[in-house]
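Assemble chain B onto chain A, guided by the hints.
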Amino acid sequence: MNDRERRDFQAGLEAEVDAFMRGETTRRTFITKFGQMTGMLAASGPILGMMTDWALAQQKLELADPSSPLGQAQAAALKASSEGPAEGSAFRAIEAAKQYSGVTVNMTSEAGLQALDPRNFSGPMLEQLTGIKTNVVELSWPDLYSKAVAEHIAGSGAYDVLDIAPMWTPSLADGGVIQPLDDYIAKYMNADDLNDYHPLYKALPTYKGKVWGLFDDGDIFAVYYRKDIFEDPKLVEAYQAKFNAKLGPPKTWEEYTQVAQFITDQLAPNVYGAGHFRKAGSPGNQFDFLQQFRANGGKLFDDDMKAALASDAGITTLKNMIAANAASIPGNNELDAVSLWAAFLTGKVAMMYSWPPTGRMAANYSQSATAINFIPQSQVAGKIGYAVVPGNPEHATGFSKALAADSANPEAAFLTMQWMTSPPVSLARVMLPYALRDPYRLSHFRSDLYGGLFPSAHEYLVNLNNSANIGLLDPIMPGAQDYFLSLDRMCTAVWAGADPKASLETAAREFDETTERLGVDSQRAFYAEFLKLPGSTADNTVEKLGLAVTL
Amino acid sequence: MNQTAPAMRMSAAGTPPRLSGFANWADRNFKWLLVAPAVLLILALSIYPLVFSLVVSFINYDFQVPGHAFVGLQNFERVVFDPVARWSLLLTAILSGVSVGIEFVLGLAVALAMVKSFPGRGVVMSILIVPLFISPVIVGQAWTLLLQRPFGPTNYILGALLGQDVTIGWLTESPWLYISLIIADVWQWTPFMFVILLAGLTSIPSNLYEAAELDGVGAWQTFWAITVPHLAPMMLLALTFRLLDAIRMFDTIFIMTGGGPGTSTYTASYYLYTVGFTQFHLSQATAGSWLFLIFTALVVTLLVRRLLKVEAS
Chain A
254 MNDRERRDFQ
264 AGLEAEVDAF
274 MRGETTRRTF
284 ITKFGQMTGM
294 LAASGPILGM
304 MTDWALAQQK
314 LELADPSSPL
324 GQAQAAALKA
334 SSEGPAEGSA
344 FRAIEAAKQY
354 SGVTVNMTSE
364 AGLQALDPRN
374 FSGPMLEQLT
384 GIKTNVVELS
394 WPDLYSKAVA
404 EHIAGSGAYD
414 VLDIAPMWTP
424 SLADGGVIQP
434 LDDYIAKYMN
444 ADDLNDYHPL
454 YKALPTYKGK
464 VWGLFDDGDI
474 FAVYYRKDIF
484 EDPKLVEAYQ
494 AKFNAKLGPP
504 KTWEEYTQVA
514 QFITDQLAPN
524 VYGAGHFRKA
534 GSPGNQFDFL
544 QQFRANGGKL
554 FDDDMKAALA
564 SDAGITTLKN
574 MIAANAASIP
584 GNNELDAVSL
594 WAAFLTGKVA
604 MMYSWPPTGR
614 MAANYSQSAT
624 AINFIPQSQV
634 AGKIGYAVVP
644 GNPEHATGFS
654 KALAADSANP
664 EAAFLTMQWM
674 TSPPVSLARV
684 MLPYALRDPY
694 RLSHFRSDLY
704 GGLFPSAHEY
714 LVNLNNSANI
724 GLLDPIMPGA
734 QDYFLSLDRM
744 CTAVWAGADP
754 KASLETAARE
764 FDETTERLGV
774 DSQRAFYAEF
784 LKLPGSTADN
794 TVEKLGLAVT
804 L
Chain B
3 MNQTAPAMRM
13 SAAGTPPRLS
23 GFANWADRNF
33 KWLLVAPAVL
43 LILALSIYPL
53 VFSLVVSFIN
63 YDFQVPGHAF
73 VGLQNFERVV
83 FDPVARWSLL
93 LTAILSGVSV
103 GIEFVLGLAV
113 ALAMVKSFPG
123 RGVVMSILIV
133 PLFISPVIVG
143 QAWTLLLQRP
153 FGPTNYILGA
163 LLGQDVTIGW
173 LTESPWLYIS
183 LIIADVWQWT
193 PFMFVILLAG
203 LTSIPSNLYE
213 AAELDGVGAW
223 QTFWAITVPH
233 LAPMMLLALT
243 FRLLDAIRMF
253 DTIFIMTGGG
263 PGTSTYTASY
273 YLYTVGFTQF
283 HLSQATAGSW
293 LFLIFTALVV
303 TLLVRRLLKV
313 EAS
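Chains as they are written, first to last, in this note's numbering: chain A, 254 to 804; chain B, 3 to 315.
Just chain A, with the same shape it has in the complex (with noise of 0.2 Å):
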């Protein structure tokens, strides 16, 4: 240390100890201070977790008046999941599964109203039964998917059960993110309880000739109309003078747009004939277009995987959904499902097509929940008729729970989907006035609690079973969503007055990109599983397989 140096250091030490003497902060201080903190913060996370842990033990089962249907069906589900009978897959799941007691299982859920029932029902009677606590990650759709595979890359063990839409499934299990289920099933699950699901659904889960989730949500599109105005003597008579017809629910496409365009020129402004969910972006059109399509003898990939869409068949979709967006409600291009249902419920559109909430809130049962009062109270109840929708219903998405790769329990992870979409607690689940899940079971449609939740309910749930006995499924293979954005770009464009053979075009060569982009051989190997199911083509829906069911 040379002088200066020295003089420096003496110089800075005599400040520090000035400034110690002083008992104000100095270098060392700060040093220590800093520390605390920092060890303060490391702690805070386990502090952060425990209350966490608290604030979710706060989670109350709600349970609706005993003397109700719902109170039924929840009295139901909570006695089959306690007494028996022992072979039910309740039973079983709940009792192998409080073995788990105190494990926590993380699932994924929609955000919004479809985490109400894992938040408020079956969550906290699982963990009332057996004492495994449910974690609900609210995710918005897209993000059901990206996060489970995100979190797989991650390797993090984030997630138990995942919600997924039966279309990810393929991408999914190759993807190593789902675990299949076929040991599981075998040893807890009752092999009624499976043969309860509608043939159209049973099968859904299934690739490569494995199951890969629990199928969940019923999502079956389904013709609601106003009886009121179809069963009125003055248009039943002007529709018979200028159709020589009956007036009623459609049978084809084209007798839609009639029925629609005449409702329009009796009633209009009052009440239009006809609204669809046409909006840009909303999930609508992609659907809409598929189901007509394919209704209309539309292929979706020729024999070399090339898309099909630029047909006679698409042409003939687009210019009918054309003529029936020209004989709806003004602004009906603007509509999304929730203004749809807005406009039904006040009575201003006589038909419309949707999933299957629209029944339930058009009788009014959902708005007893103050979880759903953004939709408007029913001016209709009671004057809803059911039909099936001209063609083949599309079944638009739905839900299937799958077990995650990663769990790090797996088991318990399996018997909390098994219990959830065992017959009678997946029965008290849709039944819930806030569910967006829709009944999928055979014992659901042939419920009597079911059937008591509103006047008209064992119409609305005969109508459903029917439904899906002619439904078609959405493509189930990778790249579904690139296909599904392409549709719905080609509709809007058209809607706004593109010319239908252009966009067709567009939106093939859209489709052959998307395929060349994952494989023209793996897309072409995952849509040949697709076509082995149920519901694929209008040529092999349950109906045409023998499998149809009849209430």
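Keep in mind the hints are simulated off the structure, nothing from the lab.
Keep in mind that a hint or two might mislead.
Chain A side only, calculated, beta carbon under 8 Å to chain B, not exhaustive [to be verified]:
no.: 1; residue: Ala317
no.: 2; residue: Ala533
no.: 3; residue: Ser592
no.: 4; residue: Ala755
Where chain B lies over chain A, by a calculated footprint (3+ residues, C-beta under 8 Å) [unchecked claim]:
no.: 5; segment: 424-436
no.: 6; segment: 575-584
no.: 7; segment: 595-601
no.: 8; segment: 735-747
No experiment lies behind these values; they were computed from the predicted model shown.
Cβ atoms here follow ideal geometry from the backbone N, Cα and C, with glycine treated the same way.
Same frame as chain A, now just chain B:
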């Protein structure tokens, strides 16, 4: 300097504690320890994602295609040769240019009107800047409620005013959907221009205007000869800031048009969102982001250079 003084003070305070090895090291490197948390934070939150995104743009990182193979420039090619990407870039330039242009003119007009004091000026100014504090998502939803048929009142009001049925598809028909998007943007961001330009106007020395008035210079000439030159740096600053924000236009489009009909309202941000988070082609979206960043950087460089030149002059 009296070298005995510190020693005396030290002796009065007792022998200072002997520093451990770590304390010695910490003492020597104290300056680095102080900046280390900030540097680590920047590295973790900014540099690492940036480097990672660059890596991702050269590999397959697609939630539908397993594996992370090196693919060279393929992701960039996909963006460059995608007609939707090219359209979205063009639309971004058009929408942001037109919106910012209108906002600038309106903002300047309002600022000129508000520069002189008048009764109620404070209240009017408060009301004028309210849109700035509203989330763009809410702005999009509000305008959707106003414009969407059949529930929105806009066509009804226009019909009442014009005395005939108005059936404009504000969110689905061209050119109305572009006009709707511009209206929503202008409504929200004109106050931004107004606030910055007003600040600039109030900083112009009043004696210049007094001198001009004494010389009998007209209002129009005063505006061009005094206001514009003195306000130019602020004008450029406001335009730069606003343009940088406008080219990222996403929220209102997501809510109001969903990118449709077709791909007619895809901006660059909306395109990248769709590729990355609807189609899960993350590496393509990342490559697109880098290309978009390059375009943005070019614009920024031009504007900043111009800004510096104006300030220097």
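Hints and how they fare:
1. Ala317: violated, 33 Å
2. Ala533: holds, 2 Å
3. Ser592: holds, 7 Å
4. Ala755: Violated, because the Cβ-Cβ distance from Ala755(A) to chain B comes to roughly 11 Å (cut-off 8 Å).
5. 424-436: Holds: 3 residues of the segment 424-436 of chain A have a Cβ under 8 Å from chain B.
6. 575-584: Since three or more residues must qualify, the claim that chain B covers the segment 575-584 of chain A holds, with 3 doing so at under 8 Å.
7. 595-601: holds (count 3)
8. 735-747: The restraint on the segment 735-747 of chain A holds, since 7 of its residues have a Cβ under 8 Å from chain B and three suffice.
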